[in-house]
Amino acid sequence: MDTASSRDGVRRPILSRLGNPAGYFLMAPIVILLAGFFYYPALRSFYMSLFDWPLIGNPRFIGLGNYVRMFGDKVIWQAWGFTAMWTVIITPLCVLLALLLALLTSNSLRGIAFFRSIYFMPTVLTTVAAGLIWKWFFGSQRDGLINYVLESAGIIDGPIGWLGTMPWALISVIVMGMWLWVGLSMVLFIGAIQSIPVELYEAAAIDGASPWRRFTLITLPMLRPTFGLVFVVSVIGSFMSFPEFLMMTNGGPGGQTTPIMMRIYNVSFKSYKLGYGAAMSFVLMLVLLILTIVQLRLSRDRTAS
Amino acid sequence: MTSVALDTPVRMGLLRWRLHGGDLIVYALNILVAALFLLPWIIAITISLLPETALKTYPPTIFAWPPDFGSYVRLLTVDDGRFLGYLRTSAVVAGCTAISVVLVSGMAGYALSKIRFAGRELFFVLILGTLMFPFTTVLIPLFSIMSQLKLVNNPVSLVILYTVVQAPFCTFLFRNSFSAVPDAVRESALVDGANEWQVLVRVMIPLALPALATVLIYSFYQSWNEFTIALIFLTDDQTTTVPIGLVNLTTSGRFASHPNMQMAGAVMSFLPILVLFLLFQRFFVSGIISGSTKG
Numbered sequence: 007m008d009t010a011s012s013r014d015g016v017r018r019p020i021l022s023r024l025g026n027p028a029g030y031f032l033m034a035p036i037v038i039l040l041a042g043f044f045y046y047p048a049l050r051s052f053y054m055s056l057f058d059w060p061l062i063g064n065p066r067f068i069g070l071g072n073y074v075r076m077f078g079d080k081v082i083w084q085a086w087g088f089t090a091m092w093t094v095i096i097t098p099l100c101v102l103l104a105l106l107l108a109l110l111t112s113n114s115l116r117g118i119a120f121f122r123s124i125y126f127m128p129t130v131l132t133t134v135a136a137g138l139i140w141k142w143f144f145g146s147q148r149d150g151l152i153n154y155v156l157e158s159a160g161i162i163d164g165p166i167g168w169l170g171t172m173p174w175a176l177i178s179v180i181v182m183g184m185w186l187w188v189g190l191s192m193v194l195f196i197g198a199i200q201s202i203p204v205e206l207y208e209a210a211a212i213d214g215a216s217p218w219r220r221f222t223l224i225t226l227p228m229l230r231p232t233f234g235l236v237f238v239v240s241v242i243g244s245f246m247s248f249p250e251f252l253m254m255t256n257g258g259p260g261g262q263t264t265p266i267m268m269r270i271y272n273v274s275f276k277s278y279k280l281g282y283g284a285a286m287s288f289v290l291m292l293v294l295l296i297l298t299i300v301q302l303r304l305s306r307d308r309t310a311s
Numbered sequence: 465m466t467s468v469a470l471d472t473p474v475r476m477g478l479l480r481w482r483l484h485g486g487d488l489i490v491y492a493l494n495i496l497v498a499a500l501f502l503l504p505w506i507i508a509i510t511i512s513l514l515p516e517t518a519l520k521t522y523p524p525t526i527f528a529w530p531p532d533f534g535s536y537v538r539l540l541t542v543d544d545g546r547f548l549g550y551l552r553t554s555a556v557v558a559g560c561t562a563i564s565v566v567l568v569s570g571m572a573g574y575a576l577s578k579i580r581f582a583g584r585e586l587f588f589v590l591i592l593g594t595l596m597f598p599f600t601t602v603l604i605p606l607f608s609i610m611s612q613l614k615l616v617n618n619p620v621s622l623v624i625l626y627t628v629v630q631a632p633f634c635t636f637l638f639r640n641s642f643s644a645v646p647d648a649v650r651e652s653a654l655v656d657g658a659n660e661w662q663v664l665v666r667v668m669i670p671l672a673l674p675a676l677a678t679v680l681i682y683s684f685y686q687s688w689n690e691f692t693i694a695l696i697f698l699t700d701d702q703t704t705t706v707p708i709g710l711v712n713l714t715t716s717g718r719f720a721s722h723p724n725m726q727m728a729g730a731v732m733s734f735l736p737i738l739v740l741f742l743l744f745q746r747f748f749v750s751g752i753i754s755g756s757t758k759g
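Chains as they are written, first to last, in the working numbering: chain S, 7 to 311; chain W, 465 to 759.
Simulated from the structure, these hints should not be mistaken for lab results.
Beta carbons are placed, not taken as given, at the ideal position from N, Cα and C, and that holds for glycine.
Treat the hints with caution; some may be incorrect.
Cβ pair distances, simulated, as ranges [as the list claims (entries may be wrong)]:
#	chain 1	residue 1	chain 2	residue 2	range
1	W	Leu567	S	Leu49	19 to 29 angstroms
2	W	Asp647	S	Leu61	46 to 56 angstroms
3	W	Leu567	S	Tyr45	14 to 24 angstroms
4	S	Ser201	W	Val655	30 to 40 angstroms
5	S	Lys276	W	Phe533	35 to 45 angstroms
6	S	Lys276	W	Lys614	21 to 31 angstroms
7	S	Ala209	W	Leu735	47 to 57 angstroms
Negatives, chain W to chain S, calculated, CB over 12 angstroms [to be verified]:
#	residue
8	Asp543
9	Asp656
10	Arg666
11	Pro674
12	Arg718
According to the in silico footprint, chain W covers these stretches of chain S (three or more CB under 8 angstroms from chain W) [stated by the list, open to error]:
#	region
13	127-134
14	243-253
15	269-277
Okay, chain W solo, but in the shape it has when bound (with noise of 0.2 angstroms):
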């Protein structure tokens, strides 16, 4: 796997000067761009921690000391907790998503990749295929299947269908990772009595641990940040999850007129993925490039 993280210097680029002046250049472009960058992170945290009496003032206040925390204290108890019940949609969808999509396409990379059976080619190239057309151009029939099987409005809907949209990619990604893995070590756990399943748990995945915890992230912050098939298929205010709820809630909701709130609703629904994101930054980039680069 070509792998590119963030956090490690790249040895080769156009702008690789000799010259102390160049590298100024360079550092302070930087620093103006990343300024840009990273205003409305700042931003939002700042309006987020505004008291209800810094809102409508000219010139626009953007900073208040000290902060007022009472936006969040409001959002999450507004209607006994109904932002929070969004919180806990979103935790669960991803989830529960992020492990459904190991499982379908762990085993679908290690079958793809060890296994020999006939239409082997043919399942890979299906698989793939899927790639090659938006999934959100066959959202009308899955809605009407979906009601059909009764789950419009429950969220079980949406690990299907995320599962469905993240699998290709996830399985192309542990084939690659598992194909590197010499078949003398999956043949000699077999000799000693494995079955292949326990083959795929027990020598595969832990062999494969970075492809693992890409697609775990992938999966999960995919899922968390998902919109228009949560928009489609939980139309149910109270079920639904944080992008919805929060579409809900500022734009005609009670909070229309209110940023604080909104930029409250916007930190709360980026908190958990931006930890994620320091914490792991190698892994939600690794799974950019790997399914870019040999797709």
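Okay, chain S solo, but in the shape it has when bound (with noise of 0.2 angstroms):
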């Protein structure tokens, strides 16, 4: 219609160059809801990061005040690093048993459907169920099942404090983590190989390829964008992590497996210093934003090339 008057050479109104209002209408609840619960509080955070700005009382202005003492504060950099330890080891861990198991059940056997289903079952599981069974797994007594287990087995003399001292505390949550979030990642490698042409594995046979060079040749350059895709899922669910390891570990021992997340968590909603705990998760966000554009980039390039 719009387009018709136009074609005329009439002039249109104002009002009828913004189109159909009904998009309005339907657009309203989303962009109110995204405008007040996340643009303006993403901007707010900033703001609030510049103070001193208490629960009850009045915020005090300081500037960089927040970001200063973020530098010079140890238990800070211990959050980041762990955090940057936690993501380093887990994050290839668990792409590689996701592609295995992708692997594993990416194909026409009777049955196999059964096994996706039962590798992916622990992505719908609230964290807090999976560490309550986890962390009696790792009972740190004699009679933790995983220690009895290893006990009977002859592997180790006596309990381990699995829970309670590094790397065991570290170790346990990493398996936890596996177990529960690897059925996502593998999900998405078997839509990928699905959506590999069954052309090429075809021709591949005819030449004689065996499976190990039909996979080297076809399956894992395929693959290549979803690896990019599984890392940046997956870097930014660790980097998120936090009540994985409240259930598992409290932070403990000593603060030694505490992540960013359960620092800023803390620092804002236990000290309640909130411009402080602003400024922590702005960086965060820096920081994380950061993180994925490089690895969109990367995964980018290397399929262009």
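Build the complex from these two chains, which are given one at a time in their own frames, with help from the hints.
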């Protein structure tokens, strides 16, 4: 209708140039929600980070004081360091296991879908329940299930204090984390494997390529974009880890397994230093944004070349 | 929509061998790994059915016959049904969020796919842009905003925030689904005198039922399981959701040294979602796939 009137050379009034007003009515709820509860707080997060902002009482402007303080705060550095270490360890492990499970289950064998469901099932579980279960598995006493099994098998002499000592605390959470999250990446891989044209494999088979060569020459290259995606999803997920550690180690021993999200939570909602917490979460937001952009760039470059 | 269903076989992969021996290896590996993956579920259930007397034994007891449902009874009746209260809050929050997400993202998805208006592309970018920033990084300002709105300790705050978290992705899902519906369908409905709202509810949504199911299920189970936001915005133990209530009861609370009670709590927290999953597997997965491959 609009295009017709402009074609006739009639000047359109501003209102009709905006198009169908129904569009704005339908968009209104999501726009209001995102503006009020996402974009405004994101900006306010930076504003608050410039203040000494207690829960009760008046905020005091301190400029970049919170950021300066963060740089000198050993506890915060420890949390960043641990978060980085946790991410660097669990991401490749998770991606590798996800790929293996995807390969084990993307074939036409009878009943294979059953296994796929089993590997995916933990992802629908709440982290709290998973934490309760695994915390019990990793009981530190002699009667802890894993300790008992290892001791009976003669692998260890005495009980390991799984959740209370390093590096066992980290290892315990890694085991739980992989069980809990691997299904997500696995499904992404299965989706990608499924979309590889069957003709490629048929042609390769006719040329006499072995299954291994078909895997390295067809499957892996075709999965490259998926690797990028899975890495981004896993890295963001592990940077956001918090309930996993709250349930399993409670950040211990001595703060050694405290990820940055847990530190932000403690600073903001236990010590009620909201300005300081805001500064930390603002930095976290920037770090994640940079990581995401870098990773997407990397995976895109590789597919392009 | 690319749909990968867990319950239909995929035709291609590395391990597609004609040899029977190869198939056996694949099965053997799968059985081994699946057993490991199932173990935590099974043991959680068997521990929850242990009688109190079997708790502190050496070697540890993991199974007892006959099953003792005492832990469930006790959990459901503790403090005049405190746990039932958690279940109720979680169900109400997850149900309301699912409905609200369908409304908000269905409307936006329809506008973005079928209606022409100025700034449509910009709106789309702003909505997708939120997916780049993890929501947890804006929680601190949100806490002071919710305090001013007097919504802290009110489940309404969770419904609002979960909708904010989930609506962008679900808008994207609906938009893709509605885009697949031919424009002519909408236009003939408009010619017949329907308004845009009626087109959305009576024409578009019935033609996009898989998307509707995906959004409803995704939204419900994400809200049911969510931890961090609930921890911050529902600090009052009496009105909180299952995950937070479970932490309160088990880690510092009175069931700290009662694995059977802890496991009973875990089982009750996952049972509704597990049933949903076993019934509607393909919708759990289709959400993840369509969100990622086109994102």
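A quick look at each hint next to the structure:
{"no.": "1", "hint": "W/Leu567 <-> S/Leu49: 19 to 29 angstroms", "verdict": "holds, 27 angstroms"}
{"no.": "2", "hint": "W/Asp647 <-> S/Leu61: 46 to 56 angstroms", "verdict": "holds, 53 angstroms"}
{"no.": "3", "hint": "W/Leu567 <-> S/Tyr45: 14 to 24 angstroms", "verdict": "holds, 21 angstroms"}
{"no.": "4", "hint": "S/Ser201 <-> W/Val655: 30 to 40 angstroms", "verdict": "holds, 39 angstroms"}
{"no.": "5", "hint": "S/Lys276 <-> W/Phe533: 35 to 45 angstroms", "verdict": "holds, 37 angstroms"}
{"no.": "6", "hint": "S/Lys276 <-> W/Lys614: 21 to 31 angstroms", "verdict": "holds, 22 angstroms"}
{"no.": "7", "hint": "S/Ala209 <-> W/Leu735: 47 to 57 angstroms", "verdict": "holds, 48 angstroms"}
{"no.": "8", "hint": "Asp543", "verdict": "holds, 19 angstroms"}
{"no.": "9", "hint": "Asp656", "verdict": "holds, 16 angstroms"}
{"no.": "10", "hint": "Arg666", "verdict": "holds, 15 angstroms"}
{"no.": "11", "hint": "Pro674", "verdict": "holds, 16 angstroms"}
{"no.": "12", "hint": "Arg718", "verdict": "holds, 15 angstroms"}
{"no.": "13", "hint": "127-134", "verdict": "holds (count 7)"}
{"no.": "14", "hint": "243-253", "verdict": "holds (count 6)"}
{"no.": "15", "hint": "269-277", "verdict": "holds (count 4)"}
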